[in-house]
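Chains as they are written, first to last, in the UniProt record's numbering: chain A, 1 to 341; chain B, 1 to 341.
Relax, there's no trap hidden among the hints.
Identical chains blur together in the list; that is why a pair holds if it fits in one copy or across any two.
Below, a list of computed lysine-lysine pairs in the BS3-like style, where the Cα atoms sit at most 30 Å apart: (1) Lys297 / Lys42; (2) Lys42 / Lys314; (3) Lys293 / Lys246; (4) Lys246 / Lys297; (5) Lys157 / Lys56; (6) Lys297 / Lys132; (7) Lys224 / Lys314; (8) Lys246 / Lys125; (9) Lys122 / Lys246; (10) Lys129 / Lys246; (11) Lys122 / Lys42; (12) Lys156 / Lys56; (13) Lys42 / Lys56; (14) Lys42 / Lys129; (15) Lys42 / Lys156; (16) Lys42 / Lys246.
Don't read these hints as lab results, they were simulated from the structure. Just so you know, these numbers come straight off a predicted model, no measurement behind them.
Protein chains: 2
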Amino acid sequence: MAEFDLIERYFTFEYDFDQHSNDDDPKQASTKKSTSKPRVVKGIGDDCAIFDIPSKYQLVTSTDTLVDGVHFFSDLDPELIAHKALAANVSDLAAMGAKPLAFTLSISLPEINEYWLAGFSKGLKKASKRFKVPLVGGDTTQGPLNINITAYGSVKKGRLLERHNAEVGDDIWVTGYLGEAAAALELQDKALVREEALTAAESELWQALTRPLPPLEFARKLTKISCCGLDISDGLAADLGHILSKSQCGAKLSVESLPISEALIEVVGLEQARQYALNGGDDYQLCFTASNKHRNKILNLAERCSINVTRIGKIHEAGLQLTLNGQPFESNRASWQHFNQ
Amino acid sequence: MAEFDLIERYFTFEYDFDQHSNDDDPKQASTKKSTSKPRVVKGIGDDCAIFDIPSKYQLVTSTDTLVDGVHFFSDLDPELIAHKALAANVSDLAAMGAKPLAFTLSISLPEINEYWLAGFSKGLKKASKRFKVPLVGGDTTQGPLNINITAYGSVKKGRLLERHNAEVGDDIWVTGYLGEAAAALELQDKALVREEALTAAESELWQALTRPLPPLEFARKLTKISCCGLDISDGLAADLGHILSKSQCGAKLSVESLPISEALIEVVGLEQARQYALNGGDDYQLCFTASNKHRNKILNLAERCSINVTRIGKIHEAGLQLTLNGQPFESNRASWQHFNQ
Numbered sequence: 001m002a003e004f005d006l007i008e009r010y011f012t013f014e015y016d017f018d019q020h021s022n023d024d025d026p027k028q029a030s031t032k033k034s035t036s037k038p039r040v041v042k043g044i045g046d047d048c049a050i051f052d053i054p055s056k057y058q059l060v061t062s063t064d065t066l067v068d069g070v071h072f073f074s075d076l077d078p079e080l081i082a083h084k085a086l087a088a089n090v091s092d093l094a095a096m097g098a099k100p101l102a103f104t105l106s107i108s109l110p111e112i113n114e115y116w117l118a119g120f121s122k123g124l125k126k127a128s129k130r131f132k133v134p135l136v137g138g139d140t141t142q143g144p145l146n147i148n149i150t151a152y153g154s155v156k157k158g159r160l161l162e163r164h165n166a167e168v169g170d171d172i173w174v175t176g177y178l179g180e181a182a183a184a185l186e187l188q189d190k191a192l193v194r195e196e197a198l199t200a201a202e203s204e205l206w207q208a209l210t211r212p213l214p215p216l217e218f219a220r221k222l223t224k225i226s227c228c229g230l231d232i233s234d235g236l237a238a239d240l241g242h243i244l245s246k247s248q249c250g251a252k253l254s255v256e257s258l259p260i261s262e263a264l265i266e267v268v269g270l271e272q273a274r275q276y277a278l279n280g281g282d283d284y285q286l287c288f289t290a291s292n293k294h295r296n297k298i299l300n301l302a303e304r305c306s307i308n309v310t311r312i313g314k315i316h317e318a319g320l321q322l323t324l325n326g327q328p329f330e331s332n333r334a335s336w337q338h339f340n341q
Numbered sequence: 001m002a003e004f005d006l007i008e009r010y011f012t013f014e015y016d017f018d019q020h021s022n023d024d025d026p027k028q029a030s031t032k033k034s035t036s037k038p039r040v041v042k043g044i045g046d047d048c049a050i051f052d053i054p055s056k057y058q059l060v061t062s063t064d065t066l067v068d069g070v071h072f073f074s075d076l077d078p079e080l081i082a083h084k085a086l087a088a089n090v091s092d093l094a095a096m097g098a099k100p101l102a103f104t105l106s107i108s109l110p111e112i113n114e115y116w117l118a119g120f121s122k123g124l125k126k127a128s129k130r131f132k133v134p135l136v137g138g139d140t141t142q143g144p145l146n147i148n149i150t151a152y153g154s155v156k157k158g159r160l161l162e163r164h165n166a167e168v169g170d171d172i173w174v175t176g177y178l179g180e181a182a183a184a185l186e187l188q189d190k191a192l193v194r195e196e197a198l199t200a201a202e203s204e205l206w207q208a209l210t211r212p213l214p215p216l217e218f219a220r221k222l223t224k225i226s227c228c229g230l231d232i233s234d235g236l237a238a239d240l241g242h243i244l245s246k247s248q249c250g251a252k253l254s255v256e257s258l259p260i261s262e263a264l265i266e267v268v269g270l271e272q273a274r275q276y277a278l279n280g281g282d283d284y285q286l287c288f289t290a291s292n293k294h295r296n297k298i299l300n301l302a303e304r305c306s307i308n309v310t311r312i313g314k315i316h317e318a319g320l321q322l323t324l325n326g327q328p329f330e331s332n333r334a335s336w337q338h339f340n341q
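With the rest of the complex left out, here is chain A:
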């Protein structure tokens, strides 16, 4: 199959760009096309994709690769691989508080496996709809399975989450529940043979690993309240570490406050759950800081976005101190490293 046929068959989704660019504003959506919002001008089919970025906005972009055997197991349902690849990338947009505009896909495939491609395409289309982000271009090549996505988003100028903006005294927050994805890796042998064999609690962890849902809407609206945050894809301790080093400050975390689901405790026990919550990768949740005067606003916003947020500590002058009920707490794992050598 030629590259163009392959793109036509599996990677060309219909998408209403105008609807997309206006989905925040029902008044505009029902009237004529707005040119005041960032939008995709040209998608698949030419050498490049083209974006219109009105002067009040900036374009934000992020790129991430998933490699067979490193970031996923090739015998995983291709629909889930596609979901995860896109989720990991929109999570980087959420990390900055950006609104997704579009994404491109560069995929290397060892062969044309129509069953695999159909599943992958289905998953990508669903995720594209779910995250409201159209596929606008890319590249297909022959080679060992390698999935690279570049995601494009927009922010209003000056309204974004950055790593260097934490201030001493700020609260530290996280979204969602932590550690489930890392724990789910232990379940892969069982899950890959027959997902139905998992218990209800195990299944919840498996969902967190294979179908992550980054808090996009919350992140975007959070930029009205906070200007410091990132996504937790390398583990809370490691990623919070980036905030601390870029902001030149420290933090105190209360381990007993970490949001840990009942499912995780049921499967691995509380002690191990805390280690996963601190050091496990693949969470695709948000860690952010904010002045304590914004606590209610943050809780209200989370409720409106139907997500969970938890205050887990405070920014201090220096160092990262972990306590459990007031006593020093020892973390027992190094965070995820891409090259374990």
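Please build the complex by placing chain B on the supplied structure of chain A, with the hints as guidance.
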């Protein structure tokens, strides 16, 4: 080595963004920072890269992957692999007449080979300088060697080269010399052992394959004259075919007009040279159409940009007719397909 150390050591180049954004305008470069030009606001070190795109401009983006054994030979000097990866991507920007702004690199590496990485990094830095395009982010992962680059550029609104704008009666032009890269593939066994063993003519072809220089400046300025073009990376016949199908027209090409270098004729003979010029891939030159009233302007622009341009035919109503001195000419090869199945 951790991902962050690796990025710090090999993929963090110093770059003067302000100088970059003003390099068209010496007056502005010497005064204070301009905000009227598209520019990179944030580069490596956060979750995303950020671009400022003034409202007169649009952001153009393209992504391309090079896979070991498909697009290059892994025993090729890593400096050349890096050059080629970036050249292939800026060529897609040239294809639209865009000015490069920045690029991101997603690279999968089977292992940390410091010799290889140092060479790749050196080549990437040189190419980055040559094409005036800074590295602003990316991703490193462990896996079979796979190099993905996304390039970002800008165009003034409405001032770009597109595939669907050819009109009956237009001249068809190409830049540079064609077919050298495809012919050079035949030389790889000799060249990879000892590049010095090549004859002067062979060496010229090898340069075309391994150190392509897309006509970026020419392409950008061409948008004042033409609005139809693309880059020839899949072979002239195949890529011109895209213009014809998108513009719903045909073409007559004079095979005797194709720009073929003396070096190519010396190495493979005139007959084979013509086949390579028509169907060989990897040329990274431009094919464009323009009204015949612009012939002098085009020749003058090419001279100012120190590149070669050649008029090779005309746009007609339908079909692609090849003639050699007035007689029908038979092309003997299918164009490059990414999946040869």
